[in-house]
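Chains as they are written, first to last, in the working numbering: chain U, 3 to 96; chain E, 3 to 96; chain Z, 3 to 96; chain F, 3 to 96; chain D, 3 to 96; chain S, 3 to 96; chain X, 3 to 96.
Misleading hints may appear alongside valid ones.
Derived BS3-like pairs (lysine-lysine); straight-line CA-CA distance at most 30 Å [to be verified]:
1. F:Lys5 - Z:Lys70
2. Z:Lys5 - F:Lys65
3. E:Lys5 - Z:Lys70
4. D:Lys5 - U:Lys65
5. D:Lys5 - X:Lys14
6. S:Lys70 - S:Lys14
7. E:Lys70 - E:Lys55
8. F:Lys55 - Z:Lys55
9. E:Lys55 - D:Lys55
10. D:Lys61 - D:Lys14
11. X:Lys55 - S:Lys65
12. F:Lys61 - Z:Lys77
13. U:Lys61 - E:Lys77
14. Z:Lys5 - E:Lys5
15. U:Lys55 - E:Lys70
16. Z:Lys61 - F:Lys77
17. X:Lys61 - D:Lys5
18. S:Lys65 - F:Lys65
19. F:Lys61 - S:Lys77
20. E:Lys65 - U:Lys65
21. U:Lys14 - U:Lys61
22. D:Lys14 - D:Lys77
23. Z:Lys65 - Z:Lys5
24. Z:Lys5 - Z:Lys55
25. S:Lys55 - F:Lys5
26. E:Lys70 - E:Lys5
27. S:Lys77 - F:Lys55
28. E:Lys14 - E:Lys61
29. F:Lys5 - F:Lys77
30. U:Lys55 - D:Lys55
So these bits of chain D aren't anywhere near chain X, every CB distance computed over 10 Å [to be verified]:
31. Ile4
32. Gly8
33. Arg10
34. Val12
35. Gln37
36. Thr46
37. Glu51
38. Gly53
39. Leu56
40. Leu58
Keep in mind that the hints were calculated from the coordinates and are not lab data. This one's a predicted model, so the numbers in the text were calculated from it and none came from an experiment. No residue lacks a Cβ here, since even glycine has one placed at the ideal position from N, Cα and C.
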Amino acid sequence: MIKPLGDRVVVKPLAAEEKTASGIVLPDTAKEKPQQGEVIAVGTGRTLENGQKLALEVKVGDKVIYSKYAGTEIKLNNEEHLILNERDILAIME
Amino acid sequence: MIKPLGDRVVVKPLAAEEKTASGIVLPDTAKEKPQQGEVIAVGTGRTLENGQKLALEVKVGDKVIYSKYAGTEIKLNNEEHLILNERDILAIME
Amino acid sequence: MIKPLGDRVVVKPLAAEEKTASGIVLPDTAKEKPQQGEVIAVGTGRTLENGQKLALEVKVGDKVIYSKYAGTEIKLNNEEHLILNERDILAIME
Amino acid sequence: MIKPLGDRVVVKPLAAEEKTASGIVLPDTAKEKPQQGEVIAVGTGRTLENGQKLALEVKVGDKVIYSKYAGTEIKLNNEEHLILNERDILAIME
Amino acid sequence: MIKPLGDRVVVKPLAAEEKTASGIVLPDTAKEKPQQGEVIAVGTGRTLENGQKLALEVKVGDKVIYSKYAGTEIKLNNEEHLILNERDILAIME
Amino acid sequence: MIKPLGDRVVVKPLAAEEKTASGIVLPDTAKEKPQQGEVIAVGTGRTLENGQKLALEVKVGDKVIYSKYAGTEIKLNNEEHLILNERDILAIME
Amino acid sequence: MIKPLGDRVVVKPLAAEEKTASGIVLPDTAKEKPQQGEVIAVGTGRTLENGQKLALEVKVGDKVIYSKYAGTEIKLNNEEHLILNERDILAIME
Chain U
3 MIKPLGDRVV
13 VKPLAAEEKT
23 ASGIVLPDTA
33 KEKPQQGEVI
43 AVGTGRTLEN
53 GQKLALEVKV
63 GDKVIYSKYA
73 GTEIKLNNEE
83 HLILNERDIL
93 AIME
Chain E
3 MIKPLGDRVV
13 VKPLAAEEKT
23 ASGIVLPDTA
33 KEKPQQGEVI
43 AVGTGRTLEN
53 GQKLALEVKV
63 GDKVIYSKYA
73 GTEIKLNNEE
83 HLILNERDIL
93 AIME
Chain Z
3 MIKPLGDRVV
13 VKPLAAEEKT
23 ASGIVLPDTA
33 KEKPQQGEVI
43 AVGTGRTLEN
53 GQKLALEVKV
63 GDKVIYSKYA
73 GTEIKLNNEE
83 HLILNERDIL
93 AIME
Chain F
3 MIKPLGDRVV
13 VKPLAAEEKT
23 ASGIVLPDTA
33 KEKPQQGEVI
43 AVGTGRTLEN
53 GQKLALEVKV
63 GDKVIYSKYA
73 GTEIKLNNEE
83 HLILNERDIL
93 AIME
Chain D
3 MIKPLGDRVV
13 VKPLAAEEKT
23 ASGIVLPDTA
33 KEKPQQGEVI
43 AVGTGRTLEN
53 GQKLALEVKV
63 GDKVIYSKYA
73 GTEIKLNNEE
83 HLILNERDIL
93 AIME
Chain S
3 MIKPLGDRVV
13 VKPLAAEEKT
23 ASGIVLPDTA
33 KEKPQQGEVI
43 AVGTGRTLEN
53 GQKLALEVKV
63 GDKVIYSKYA
73 GTEIKLNNEE
83 HLILNERDIL
93 AIME
Chain X
3 MIKPLGDRVV
13 VKPLAAEEKT
23 ASGIVLPDTA
33 KEKPQQGEVI
43 AVGTGRTLEN
53 GQKLALEVKV
63 GDKVIYSKYA
73 GTEIKLNNEE
83 HLILNERDIL
93 AIME
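Let's have the full structure, built from the sequences with the hints guiding it.
Now the structure itself:
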């Protein structure tokens, strides 16, 4: 199992058929291409300068849109995943 | 449905006839071309360093002026939209 | 009507005769050319990191000097205006 | 009259005879040439992040040394003046 | 013995067989190649601006993923180690 | 007299014989050549973001080592002096 | 005697035989070559934005590892020393 640190999350990119089902289409011509994925692990949160721990806004299972060029690629169980900062996640699809 | 994170908002660009009706004309020759759109979803707000959540100043339905080069393009129901930070929104047209 | 967000203001540049009447002349040779205008709308203010809302120092009707290269040009009622951050306003002429 | 905003001040550069009288000579060969002037107007001060207003350390009438390349040139009553941030003022001559 | 300062940690890179056993494979083609290692020493933590000491999230013995280009190489008992900032550690493998 | 603002200090560079007497020799080959001088005036201190005024650590008469390329050169009573920020002073020689 | 200011420390680089004795070898091929030394003087500490003085984590006599390219070289009693910020010290060897 993988446990991201702080305000990081692990995201599994959505397959093509899942993207179509989501009703959101990310254009090929976009200046900064966003991508879709599912959150599979979240960190404990960000620590503010007053010492308060701020829980993340996303949770495991959320389908999210994130910046294409963000994050670090890793392979888990032979499948591609990304470790992202929560600030690279733009929106949740519901 | 799409739910932007933090201080982000989703904006639908106004069509040409709507722009004319607004009484505000954005010049073709402007150095930094602003654009007009309607807010269709807002995030939960920005978290200050003291832990306080700050609600956004714009709300769903607001007609806004925003910086042209800001944000990330996405397609919702086959129509072009933008995910913006609230700080890229300059003004509300009333 | 236009309502600027946060610490932004809308300024209408002064016409030539108004500039002369103000008694302040901005030299043609200045390194960073400032300009004169009248404030026609102000935002709700800047939010400090402790959550406090800080009202703007300028108000509607103030004649101000601002940095030439600051802001975003828009047209209101077919006249040129600028959306500026309050920090781009250098002084009030009284 | 001119009223600078925030932590800005308006300074009138000293004439040559006044500089000599001050007993401080700023060398021609200095890497970053400072200049001498008299404060003729001061802003209301800087607002700290806790909301406190911090009065300026300089006052009207102070003779000051400031960085040559700082500020914005304006003409008041046909004489050259500068709008500076207080942080561009290095010292007061007494 | 080595005692890292503040929010630094000392990490011993994992050997090839250990990496395979962890079930996490870091692709050769990754844009920013992360690496795996074991934490062998941790600092006393980061000091927040309010004076509070924030303990590190990782502890001795944790297997971690970290950014390849981060840190300073040292040799301890003739084996290669790295001194890293905790923020260069992306996740813990459990 | 000269009164530096905020966290600034005025320093008079030491003459060659004084440097030798101090027992500290600054090498000619140093990457970033420090210099020695005597503090002749200090500002009122630095204001923290909570409004507290922080007195300077150096006082008039201190012999100090400072970064060579820091500060602004001025002449007082026909002798060369420097206006420095306190952070450009590295150490006091006692 | 030398008294470093704020969060600075004075370090005397270790001689070759001392380095070997420490059991820590810093590789010649390291990307950013760290070095070893002994702390011979420490400043009064760093002042946080709330006014609190934060004592340094290192003390006189500590053997430390520091970044090679950090600091300012000085000679004390004809021996080479360095004035460093505490943040350029990576770890203490015990």
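Report task. Of all the hints given earlier, name the ones this structure violates by number, lowest first. Result -> 2, 3, 4, 12, 15, 27, 31, 32, 33, 34, 36, 37, 38
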